[in-house]
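Chain A is fixed; fit chain B onto it per the hints.
Single-letter residue listing:
Number of protein chains: 2
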Amino acid sequence: MKVGLYLPNQCYANQDINTVLSNAIEQVRVARDAGFTSIWCGEHYLVSPVQFIQPYQLLSRLISEAGDMTLGINLVVVPLKNPAQIAEEAATMDLLTGGRFVLGLGLGYREEEFKTFGVPMSERVSRFTESVEVLKRLFTEETVTHHGEHYTIDGIGLGLKPVQKPHPPIWIAGTVDAAVRRAARLGDAWMNLFTQTYEELAHQIDVFGTARQEAGKAAPEEWPLMRECYIGSSNKMAIEECAGPLGGKYANYAAWGLGGLDAEPSFDELARKWFFVGDEASVKDKILRYKEGLGFNHLIARSSWTGLEQEKALNSIRSLGKIAAEIG
Amino acid sequence: MKVGLYLPNQCYANQDINTVLSNAIEQVRVARDAGFTSIWCGEHYLVSPVQFIQPYQLLSRLISEAGDMTLGINLVVVPLKNPAQIAEEAATMDLLTGGRFVLGLGLGYREEEFKTFGVPMSERVSRFTESVEVLKRLFTEETVTHHGEHYTIDGIGLGLKPVQKPHPPIWIAGTVDAAVRRAARLGDAWMNLFTQTYEELAHQIDVFGTARQEAGKAAPEEWPLMRECYIGSSNKMAIEECAGPLGGKYANYAAWGLGGLDAEPSFDELARKWFFVGDEASVKDKILRYKEGLGFNHLIARSSWTGLEQEKALNSIRSLGKIAAEIG
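Order-wise, the sequence lines are chains A and B.
Numbered per this note's numbering, the first sequence spans residues 1353 to 1680.
Numbered per this note's numbering, the second sequence spans residues 1353 to 1680.
Isolated chain A, as found in the complex (with noise of 0.2 Å):
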């Protein structure tokens, strides 16, 4: 089982945002040397009261604590930027990973950053699939003549070419099955968003399926599974302590609007349908749930939530690396 690190890169107004970037930058050490696959951070846009670290800025300033773990992005909000842009800042990536970079790719859907960014709501899946073909054009050809139905393109092209060939790993988040369809057509990975039930995952994984064999592809290699995991010394110990941080993040994420979230969700809910907390030996029976009866194969876990004492992250981290590695 691999497993990845979401970081945290963000806190509420009142807290020290300094302190959530020395902790990011310890986590990433501790995952590093428990074995991690890989590390990954998130993109919002003025998000007030919530002070938000951007993440390219930050993966890149952690290159030199990752050793060989790969860095993602997930997710870049496509329909908010141009795909020359989308293209040249993972270019940039996997140059400065040597390679280890995966290019996340999601769909948004907070209201107000669309509404900033001068791009109607109703324009997000036409703009996802005209900019991925883009994207993918822009890694592969010298020069790219496009004139579509958001974008255009004439003549010039992407000089600095991915590492990674054709192009770093392409993965798209999907929540509902048109976008997991989506996902099954035009990536090479498919990611959940840390808010699905294992039944909805089950149908899912389906939906993918058909969709990938009717596009003729081959099943991906990478299975992610995005989890907050919070690994305690007891049951109840875990669940004492990731309460209220992780529990005040989906508070805020209702707030914004996130699919599948009551408008203030209660905490044991939230931990049944969605997160893996526990002890070591529960949050291992979970894990193995979902690698044994779905084939999950990489997850991907955030396992720091504003409020959360760092030692206790850290060690929730060491031991995820340990539980992985008992996988196998």
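Quick caveat, the hints were computed from the structure, so don't treat them as lab data.
Honestly, I wouldn't trust all of these hints.
One copy or any two copies: either way a pair holds, since identical chains are not told apart in the list.
[Claimed, not checked] Dumping the calculated DSBU-like pairs for lysine-lysine here, alpha-carbon to alpha-carbon at most 35 Å: (1) 1625 with 1601; (2) 1467 with 1625; (3) 1625 with 1664; (4) 1517 with 1601; (5) 1467 with 1488; (6) 1354 with 1601; (7) 1588 with 1643; (8) 1517 with 1664; (9) 1569 with 1625; (10) 1674 with 1354; (11) 1638 with 1588.
All values derive from a computational prediction rather than experimental measurement.
Leaving out everything else, chain B in the frame of chain A:
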């Protein structure tokens, strides 16, 4: 005299971009040890056959080598981007550098980039002016409501406020009088662009001063001078060693449409007008002429171009550090 290093972040298609990257990392260490004040790099999109490393990711990668130097972007092509993105990225740089970041802003000039990003060249100035206004509000106000000609922000804000108050220094680039006046009204300093003669700079300093006074603002503390700079063991050797690499760069600029260039510029003519090339004594004289005659106090030097041997670039950087210390 402060000195800054403008980093190499590009090469031609048939050359090794990994070498450019490792050279840049080494140059940063040498500049740091030679007493440089700052490092800089610029932004472009889709410049095939030139391979180009994106600036914020490169600068972030270099933080671990940069010591106490200031990191600057020169420049963000403002009209290509939403001010939300410009503000978020600048605030992140300010955090990652511990408040040692300078935000260089410019209009851009490359038609292909504007076409690709779907921004009419005719809107360059109005987008720039509006964006700078929005940026300053995002940096300082908790939430912003702005319904402008080009940008809309609806009661949301930048959670991650810059370390430097009220915001990182905003240095505005300009090569024509209108841009210099804009820099005087809107910026904390004015940046020239490698390609202005002594006489043009003298004139524009007057233009800047008048506009600055009309705007009721004090004179800037920083007077950056951008120069291609190469120091060799003799004047003859210096020219011989850098004419190919530096001349080639300007042939490219001519092809991209940068102002003030003939289609096939002659090196001697360019050197006479724009470059600081020679032995230590003659480059020191050139710097002193601009310092004493025009008041520039921060030379931002590019000392490496595709094709120049790294050891020569490093020696030139060391010599420049020595000259700057002598000037004091």
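Evaluation of the provided hints:
{"no.": "1", "hint": "1625 with 1601", "result": "within (16 Å within a copy, 58 Å between copies)"}
{"no.": "2", "hint": "1467 with 1625", "result": "within (32 Å within a copy, 47 Å between copies)"}
{"no.": "3", "hint": "1625 with 1664", "result": "within (23 Å within a copy, 61 Å between copies)"}
{"no.": "4", "hint": "1517 with 1601", "result": "between (37 Å within a copy, 29 Å between copies)"}
{"no.": "5", "hint": "1467 with 1488", "result": "both (27 Å within a copy, 20 Å between copies)"}
{"no.": "6", "hint": "1354 with 1601", "result": "within (25 Å within a copy, 45 Å between copies)"}
{"no.": "7", "hint": "1588 with 1643", "result": "within (25 Å within a copy, 69 Å between copies)"}
{"no.": "8", "hint": "1517 with 1664", "result": "between (39 Å within a copy, 34 Å between copies)"}
{"no.": "9", "hint": "1569 with 1625", "result": "within (31 Å within a copy, 59 Å between copies)"}
{"no.": "10", "hint": "1674 with 1354", "result": "within (11 Å within a copy, 51 Å between copies)"}
{"no.": "11", "hint": "1638 with 1588", "result": "within (16 Å within a copy, 72 Å between copies)"}
Comparing the model with each numbered hint stated earlier shows that all of them hold.
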